[in-house]
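*Asks:* Whenever a hint applies, use it, and build me the whole structure from the sequences.
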Amino acid sequence: MAVISVRDLTKKFGKFTALNKVNLELEKGDIYGFIGPNGAGKTTTIRILLGILKASGGKATVFGQDVWKDAVSIHKNLAYVPGDVKLWPNLTGGELIDLFIKLRGSNNKTRRDELIERFQLDPTKKCRTYSKGNRQKVALIAAFASDADLYILDEPTSGLDPLMEQIFQELILEARDQGKTILLSSHILHEVEKLCNKVSIIREGQIIEAGDLKKLRHLTRTRMEVETKRQLEGFDRVKGVHDLYIKDKTVYFQVDSEEINNVIKFISPFEILRLESAPPTLEDLFMRHYRGEAGDL
Amino acid sequence: MFREFSNTRALSLFILRRDRVRLVVWILSISIFVIAIAAILPDLYTTFEERQVMAEAMENPAVTVMLGPGYGLDNYTDGAMMAHFMLVFSAIGMGIMNIMLVVRYTREDEEEGRTEMIRSLPTGSLSYLTASFSLLCLVNVLTSLLVGLGLSSLAYESMDLIGSLLYGAAMGAIGIFFAALTSLFAQLTSNARATIGYSFSFLIAAYIVRGIGDVGYELLSLISPLGLVLRTQVYVNNYCWPVFIILASSVLIFALSLYLNSIRDLGAGFIQTRPGRARASRLLLSPLGLAFRLQKNSIIAWTLGMLILGVSYGSILGDLEGFINSSELIRQMIPEIAGKGMTESFITMLMTILSILGTIPVLLFILRLKGEEKKGRTEQILAAAVSRKSLLASFAAIGLMAIPLIQLMSVLGLWSSAAFVMEDPLSFSTIIKLGLVHLPAMLFMAALAVVLIGFLPGLTGLVWLYLGYSFFVVYMGEMLKLPNWLEKLSPFGHIPQLPLEGADIARLSIMAGLAIALIVAGFIGYRQRDIQG
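Residue numbers (this note's numbering), protein chains in the order written: chain A, 230 to 526; chain P, 238 to 770.
In short, the hints are calculated from the structure, not lab data. Hints may be right or wrong, so weigh each one.
Straight-line C-alpha distance at most 30 Å; calculated DSBU-like pairs for lysine-lysine [unchecked claim]:
no.	chain 1	residue 1	chain 2	residue 2
1	A	K361	P	K611
2	P	K725	A	K244
3	P	K612	A	K361
4	P	K718	A	K315
5	A	K244	P	K670
Some chain A residues judged to face chain P by a derived CB distance under 7 Å, without partners named [claimed, not checked]:
no.	residue
6	H304
7	P352
8	K355
9	Y474
Just so you know, even glycine gets a beta-carbon here, dropped at the ideal spot from N, CA and C.
*Replies:* And the structure:
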């Protein structure tokens, strides 16, 4: 059974359509990257999953339960970290961690203290004195100290320093090893690439690309750098070659995955001295979609 | 020296640009309110005789505590009456405006990190504070002129240009005083809420000190800015010296806040915040616990505050008794309720006013949930295993439980000091019954707050407007001879005049029933809607 199942989810704010038939499917154990530019609808989707906003159309379930009607029972096994953590200025970080853990219904003191230690948070300070990164630590500690099955993390590391980001990644991998499911909305692509097995890209309220990260890579282009003995000729007319740049006898280009074979056949007669290829990064994938229509002009 | 103030003018213009609508709305609503009252008052008391009857009533110490000492009572002109009725409230209005605006431009900007942006620009360290203060001085001067010219343009014989300008100037001076005072509190405390708290406490204290001073120790009135401002005796003697004293002390206070601003770090205050608990106490660990904990200080302060207010209102009852017995005119006017009846009907009004004031904290406690939503903090509670019903119930419960508590405090305060000062004190049971009959009206206001949170969270301001309206019709309705139905529009206009009439249980039950229905509706609405922020 899917942990999160979203079918044709639509959300309108007045006339503005924030989400247009969004589909998501998270299986148990998935670490799911949810990426897209600002204002694309990531947070709106998450808020609907949390039962804070009411969907205008479509169906969304978590653990097989309706996100709006069964919010309370879902939330007992769910931990959430918002992108912009807002805390009560006159309460301490320690008090809020305890409150959030308790409100989720779990109680694990040793885990809490261990996480406070790992993140090096001073829990006696009033929240008004915390920086953005420290507020984020409070939410992360509260989330990972709870005994949840599903973690929804909305840009959770945007204020953390690299050391803390490292600790965050360790926590995600630990959670994965325990078979937990994670929905990670993020802008930090190397993080998504490192942690996630599936991704969805959302733009202007629509999912434009979704699936297994490895498969997505196959759909895209490979970067190549080839040095040949003889000067390549007529290469710019070969099908599937993009962003060609020639310097002496070395060519740099990107090639559509399905054309690789033909391209190599074309190059071979010119006697290959050196060939380097790199899989497409998520960034390449992302940029292609980001630019979207603008890039097609 | 001057580089500390560089770019002050540009910053003033920036604040003006940012808040031009807000500032204009404040200036216009205060001036129009004052001028409108001045315009209708003389039509209500047209003859010399009618005004003399009012003058006689004005010697009532209870009135003195509320409005200040009467003057020019031998020849109670429209102007004297208008100034006596309205000057202290005009001044309080100016105080509120300046507190709200100064907090906005000082601590609030600092807390939100906007001041840091400003300070990173080539501006002096004192520029922003100076810019906001000078802009507010301008706002106060404009309000003064508008009121002054507006009042004199009404062309009543007794409201001449000089007196009208002095009336405006008195308001402006109080405004500037509170702008300076709030600037000072913004340096001393380290956050916006504390600044608002200290500033409003000062305003309320100034009003109470003046009330006590005006019926007893005049020295007390002279140290309260609200007492001083009444010493202008506008439209009769037109004394200017109180205005100068207020302005001079404002300059001193502002100079002190500039000095404190120059020696403190950005974001810091002088009243230190101590480190807190590393672990939450068991009491905090529920939505109700959170709702209570967030408002604990405010609950304690309001509980004590209402007790003090009850005591101070009760303390005038002794004088009232003597006054009624000595005044021939009052006896002739209202023989049927003279003597003890008069005191009792007066107590009903006092209790109604205390109940309306006591509704303020009740609304604050309930509407706190809307504030939490606006600040984007509700989301995290609801993302945990907390239902909307229990979240709204927690905040509503704090407010609803505050109703009997607050009312008990007013009753205790009123009764204890009345017992102390009256020769023929009222029984405790009379006063507690008086307190009880007001509960349905308070519940009704609380229910309105709940229903607004449920359906129209953006319009919760309406309930404040309604409470303000209730206060106005109950407090001023008699004096302004407003038609009776205006009073009936407020739940507080349906309270039986208890010692004189019987408690109308049916009517009170209907009000309470309506309130409960509204609360239920509010819960339904809150479960249906999107949470914002």
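*Asks:* Return the numbers of the hints above that this structure violates; sort them in rising order.
*Replies:* 2, 4, 5 and 9
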